[in-house]
Amino acid sequence: MSKTAIIIKKLNFSYLVRTNISLKKNLLNLTSKIGKKINNKNSKIKVFSNFSININPGDKIGVIGSNGSGKTTLLKLINNVYEPDDGFISVKGKVASLITLNSGLNMQATGLENIFIKGYYLGHSKDYIKEHLDSIISFSELGKYLHLPINTYSSGMILRLNFSIVTQFDADIILMDEWLSLGDDEFKKKAIIKLNSFIDRASILLITSQNKNNIKNIKNIKFINLK
Amino acid sequence: MVIKNNLYNFFYLALLDIKIRYRNTFLGPFWSTLSLGITLVILGFIWTKVFSINHYEYIPNLYLSYIFWVWISDTLTDSITVFNENKDIVHNYNIPIFFLNFKIIIRNFFIFLHNFPLIFAIFYIYKIELGINIFFFIIPIFLTLTFLFFLSIIISIVCSYYDDFKQATLIFIKIFFYITPILWLPEMLGDKQFLLFYNPFFHIIELLKNTLLSPTLLINSFLMVVIMNILTLIFSIIIYKTLNKKIIHWI
Chain A
108 MSKTAIIIKK
118 LNFSYLVRTN
128 ISLKKNLLNL
138 TSKIGKKINN
148 KNSKIKVFSN
158 FSININPGDK
168 IGVIGSNGSG
178 KTTLLKLINN
188 VYEPDDGFIS
198 VKGKVASLIT
208 LNSGLNMQAT
218 GLENIFIKGY
228 YLGHSKDYIK
238 EHLDSIISFS
248 ELGKYLHLPI
258 NTYSSGMILR
268 LNFSIVTQFD
278 ADIILMDEWL
288 SLGDDEFKKK
298 AIIKLNSFID
308 RASILLITSQ
318 NKNNIKNIKN
328 IKFINLK
Chain B
9 MVIKNNLYNF
19 FYLALLDIKI
29 RYRNTFLGPF
39 WSTLSLGITL
49 VILGFIWTKV
59 FSINHYEYIP
69 NLYLSYIFWV
79 WISDTLTDSI
89 TVFNENKDIV
99 HNYNIPIFFL
109 NFKIIIRNFF
119 IFLHNFPLIF
129 AIFYIYKIEL
139 GINIFFFIIP
149 IFLTLTFLFF
159 LSIIISIVCS
169 YYDDFKQATL
179 IFIKIFFYIT
189 PILWLPEMLG
199 DKQFLLFYNP
209 FFHIIELLKN
219 TLLSPTLLIN
229 SFLMVVIMNI
239 LTLIFSIIIY
249 KTLNKKIIHW
259 I
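So the sequences go chain by chain: A and B.
Its first residue numbered 108, the first sequence is counted upward by one per residue in the numbering used here.
Its first residue numbered 9, the second sequence is counted upward by one per residue in the numbering used here.
Because the hints were derived from the structure by calculation, they are not lab data.
Remember, predicted model here, so these are calculated numbers, not experimental data.
A few of these clues could be false.
As the list claims (entries may be wrong) - Some chain A residues near chain B, calculated using beta-carbon distances under 8 Å:
(1) LEU123
(2) VAL188
(3) GLU190
(4) LYS201
(5) SER204
(6) GLN215
(7) GLY230
(8) TYR260
(9) SER261
Where is the CB? At the ideal position from N, CA and C, for every residue including glycine.
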């Protein structure tokens, strides 16, 4: 396997903001070519222009910036959820995204079924999930609750389930949005140890924060500032 | 490799969807069979009385067409909101979004399979011989699945851009229910029968139905379904290639 790395060159990315998009206006514009056009343009919010960065194996990067500076957007671009308007992004290695940890669950399904559901969305095969099933179950400490639909769970229990699923599958690159707030005290201690070992095993970590102080405890962390 | 993996995964996800949706019910997915069965019995009874039609010819046609139509229209209706309903997935997972369409296709196909007892019941009651056609049935089924898949991609992308299309598509589905020979037989159109040639769903339903009912293959409908497949394939590839990464900004 080739070396884990992230290379971003001259990245341009903007959000399209849909204002007043309607079929009616587009049709009216078609018919009234000469008359004044009704404003029906996508407005754009520029997030990145000519942004470049090289992230090498072993790098722990703290992405610092205020609200709306593009921290999460950068992570989602690396995870190939967003596509850049222009520029080049190359990501080598298996990515684990801990951005919005609570995504991809079916509230009517049981905890056990959700391990599979989330695993499938993460792109893991049935066999691979089965291999890790025991360790996910034992780490989550949900025991008999795993056979209940998760709409009966407390938010702390859902977080546990999610955390156990995501950190159980190995990854080369970890994307995190802020340092996680992790449920009650006892689980928190265990989770922090787990998270640290998860990060240690991975080669690259990208973590966002509004404030350097929140994440300066991570060993050898380097910071990049978004405007 | 990634594609193949995802195909399996979304296949399982579709099955899980069905299992979860019907978990707390007594009949499970057979509820849809039951509701369809009741509708068909009532429809069949009333229409044969009201129009005093020879029911030996009319009823098998009505029932089969209706069962196929429910499959088609449910799939298309689900496609309208698929990206909005799976917003969470689109925004957080690195998955080609057409797999969400694939999931709808599989889910609706398996619900459709639960209606097969109704088809067998009709064959039993009307003493229609199944014969060798049942083996060829897989061909129109496959062609319908692929056509629905391509059409689903087109509908879901267009509908997630223009909200107007959500309403419009629902109306179109309704219109096609009436202008496709489901509640009536093609012959009933008299000299206007040629109009049916321009209705894509006519060819699909005719092909599905006739493979079961008559020993001859409808070459015309077969060719039309193949052509429709090619056209929707091309169009869905174009629209997908240009827009698939933009959808995330719209929903």
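Verification of the hints:
1. LEU123: The hint holds - A:LEU123 has a Cβ within 8 Å of chain B, the shortest such distance being about 4 Å.
2. VAL188: holds, 6 Å
3. GLU190: holds, 4 Å
4. LYS201: Nearest chain B Cβ about 11 Å off; hint violated.
5. SER204: holds, 7 Å
6. GLN215: Holds: closest Cβ of chain B sits about 5 Å from A:GLN215, inside 8 Å.
7. GLY230: Holds. Min distance 6 Å.
8. TYR260: violated, 15 Å
9. SER261: violated, 20 Å
The structure shown violates the earlier hints numbered 4, 8 and 9.
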